[in-house]
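Chains as they are written, first to last, in this note's numbering: chain Y, 237 to 997; chain G, 6 to 294; chain D, 2 to 163.
Hints may contain errors.
Claimed, not checked - Sample of chain D residues facing chain G (criterion: CB under 10 Å; computed from the structure): (1) 22; (2) 51; (3) 89; (4) 115.
Just so you know, the hints here were simulated from the structure itself, not pulled from any lab data. None of these values were measured; they are calculated from a predicted model. Glycine included, C-beta positions come from ideal geometry on N, C-alpha and C.
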Amino acid sequence: MSDVLDRPETGEGFHSVGTRPIRPDGIEKVTGRAAFGADFVMPGMLYGRIKRSPHAHAKIVSVDARKALALPGVKAVVSGADFPDLADELIEGGEAASSMRDLAWNVMARQKALYEGHAVAAVAATSPTIAEAALDLIEVTYEPLPHVIDVEDAMAPNAPVLHAHIFTEGLEERPKLPSNIARKHQFVRGDVDAALAAADVVVEGRYTTKSVHQGYIEPHACVASMGPDGQGQIWSSSQGHFMVRTYCAKVLKLDISDLRVTPAEIGGGFGGKTTVYLEPVALLLSRHAGAPVKLVMSRDEVFRATGPTSGGVIEVKLGAKKDGTITAAEVTLKFQAGAFPGSPVGTACMTALACYDIPNFRIVGWDVVTNSPKTAAYRAPGAPISAFGVESAMDDLALKLGMDPVDLRDKNGARDGVKAAYGPTFQNIGFLQALHALKQHPNYDVPLGPNQGRGIAVGFWFNVGGESTAAVHIGEDGTATVVTGNPDIGGSRASMAIMAAETLGISVEDVRPVVADTASIGYSMLTGGSRTTFATGMAVVRAAEKVVENLKARAAKIWDTSPENVEWSAGKAHCLDASKGEQKPLTLKGLAAQSARTGGPVSAEVSLNAQGAGPGFAAHMCDVEVDPETGHVTVLRYTATQDVGRAIHPSYVEGQMQGGVAQGVGWALNEEYIYDSEGRMENAGFLDYRVPVASDLPMIDTVMIEVPNPRHPYGAKGVGEAPIVPPLAAVANAVRRAIGVRMPDLPLSPPKIRAAIDAAR
Amino acid sequence: MPQFDYVAPTTIDDAVKALLAAPTAKVLAGGTDLIVQMRAGRARPATVVDLKRIPGATGVRREADGGFTIGAATSGAVLGEDAALVRAWPGVVEAANLIGSTQVQGRASLGGNLCNASPAADSVPALIAARATCVIVGPAGRREAPVETIQAGPGRTTLQPGEIILEFRLPPRPKRAADAYLRLIPRTEMDIAVVGAGVSLALDDAGTITEAYVSLGAVAPTTLLVAAAGQALVGGKLTDAALEKLDAAARAACNPIDDKRGTIDYRTKIAGVLARRAAAIAYNRAEAR
Amino acid sequence: MSKIHVTAVVNGDTAEFLTDPGTTLLDALRDELGLTGSKEGCGSGDCGACSVIVDGRLVCSCLMLAAEAEGHRIETIEGMAHSGDLHPLQQKFLEHAALQCGFCTPGLLVAAKALLDTNPDPTEEETRYWLAGNLCRCTGYDKVIRAVLDAAAVLRQERRAA
């Protein structure tokens, strides 16, 4: 069950913030009426399919579509040659900058196929069956090339080079030869070598993780329509329809204003839907065919062609005094980027030591291209990977020092005033409170039986703000419509409605939140980085405040006084002008009813660039039991505490924490991309890519610590990402304590654990 | 999905004819393997012959001798709801009920599980340990064959063109007899067995094992009936020494592969572990009778 | 390969449609009957988003040919609420916030209904194993399981009261 600690008892008097109303889009989603990406149809619509490379790395010699085009019902075939050439241009995305040329080449291969599943051609036909038959008739001639997928193999001097134009960035001197190493990241403070040499105790480890997929249940899907005049419309499921608009315009060299994108409901994303795969292809097919085109991925395509996150190597060395004070940390990270540069190794470096106050450190990260799908953001991109290494080493340090693992983290933990390894100085953070809550939780004292172990780990995520727009419209009956441009991926409509209701002083049920298309609301960055409740929420509150100002002005007009003499509270205007005698307060309903006479519709739109997102800290505790004969791990108990700022809708905050834990447990125990010797994925389906099922998990106990963020009107911090950071190490540390052997390589599958137990005997 | 003709005959003879008429024709029972394979393009039959409208192809019948006849296309869910079958053959039913999810249980059948010919099929080790036979109908008429003679290798069976497994027969049980099936999967559900072990035992009044059959899945190209493993148990009680002999015999019989689901070393060790554990469950069940 | 004429009872009403032999029940429900509440998450029976009830039996509609539906009774998510009144499971999913993105929700609800139709008082463990074929990537299942157990209690109470 869940508890909320530290809810301020000052009685700030919220009537909506912190309550748990039924989400406004709930009925549609429990009755099957909500329309997701694949549910949209248009009259005259064609069905598209994408032909994908069977090779991990191959030169594309030719693409011959003549036979496919001759098949009755086939209306268009496109391949790389049909897409415009782009210059290399970086564009800011939600969580990382992307090269538009790389993006375009990922959407449709040119010259080379860089991974198995890379799109090489696409077809549109009058039925799915014909489109499928046409795929076989598109003749692609390849010249297979040597491939490389393992990150350290890809860094080796003799590795096959994916891109002749990549010369490692971030080195003191530009290298003379191209390589797969796209960039070196480095963060240094103090003298780490001297501090390690002087340390009483040193622990070190080398850890590895495999590439894992976000695993959203809804495959990518869109419908696109484009006329010969170059004006297009897209209906698609994504984490940001403005992102879809920008990326499609860039990839196809269109004017942004010529594209209108309408968001479908989104069936999960976790970062994986922060880019485009299908939309530009569907637009181009539609332009060639002269009809709308629908593209829907199969699950197989989702695994082979959309972004997993990196597999990585993490090397960690920690130095400490006998009392547990950590004096030095050295962290080296090597990440698979997939076919194009841009793994999350930069954020992995920045977050690696963010939970701690360590005077001397050196963090180095390597971004390495490999013949695997281009990585996409996955929930706290990079952070779980570096945390797996650092938190495993912290556990070994606690064991070596004979210290309680919570106390060790407490002693070295980040607190207000500490300068984070990545730069800023922390303020209003609740890391230590989260740690203490773990120790106070009843689960901390549950005795363990044989073959059982308890693992502790912590995690950090920045959370981001950024550009958002929101509009608040008051209807003639006094109800409110809240319009934003952020797809609702996990209940954000509810939090928008709550914040608007709180500000307007009306009930949540009188607020209807809407996610509008790109032509109906101003620009908003995508739903990601745990930014929506913070940044878009701030825009909602500011717009609602403008509405309140407007309403006050109208009341002032009615009372013939100045707006300064009007106070707004509990959804009513109160007259403070004593000269006007006792005036009955004017309700929002009443003011709305006479809006035509007081200046017309009551409405406000606010665009802003939100700054001051509060970072999130999570502390987790996992109890496992290991079957020593089979190596099978059972998760017995899981406890997650987190500084959540202020929980706007606590149920959905708990849901984020629980969901992050479940994904992290899957990453720790069973999930991985498995490749054969030809570089083809062997487990591109939910049967052998094993995400946790209901019977794999216990209830996930959560404790929300509320340390409000002063930079947000209601104290919100992002909550979605921090909870996936600790579980990898929390599970591994629990297994370590259950079997007495450190398991440095994820996933902790039964064969590996049994082998480790046998080896230790 | 590639296109094909769909037929749902109402007699087994019409089914045999339809199967013979198209060399690539496939039999459809629950479809939980076939439809997946067709969608992936791994199976491209010209005709799909649905068995489920044929009388006898579905349902569980108690025979006069105390044995059971099970229609080959009967879903796992139906098996699990048959109290008499669950009591007589708990291992067979628990094995059948481990195939896939609740949803898959609504469709998946013993006939499909056997004819898909996966070495990892969950119900097959339990059926073999139970000494089950199948009634096969084909152009040459009917024949009955032990379950262990059907698999020929991964994805291949010994069935002749036009032959269909119509039903399974489980023999009558002595008073103190029981079976059990265990498998190892990385998750708790929804996986293909890394190793599966079926054990069927009969005891005398003193608790001495008089009959023992042990069958292992996913450790060889076909499901194994391991005679030495059964012999390790016969003639005594389920002592630690007997279990050690069983473990060793099970491991010795293994000829597995390294693949995405498990290693040779791991599969071999687990075959021994699961054989022991399944034997213990079967023994306790038998003793409780 | 001509089209096959299928007559089935869908959510209590007779439905007729023409189908290719290679069309799944899921595709027929979505494309021929416009019932898009059943979702395709995998097409291989591994995620449960397409769960429907056929003659009282829970199945994946992606693992059944539309042609096999002839003469059978099919229940989908669209038939779960009666004349606007939510089923207790739907109500409890909303109250417990047992959905985040909502994509797996129709399948989970149908599967949970099949459970409670046969087992009015399931344990947490029985519920978890019954629903193991319904993948949810958002919630970690905690609130889903609580919602199902709570709905079971409501249904038991309704039954006692009746």
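Going through the hints against the structure:
1. 22: For residue 22 of chain D, the interface hint holds, since the closest Cβ of chain G sits about 4 Å away, which is under 10 Å.
2. 51: Result: holds, 9 Å to nearest chain G Cβ.
3. 89: violated, 20 Å
4. 115: holds, 7 Å
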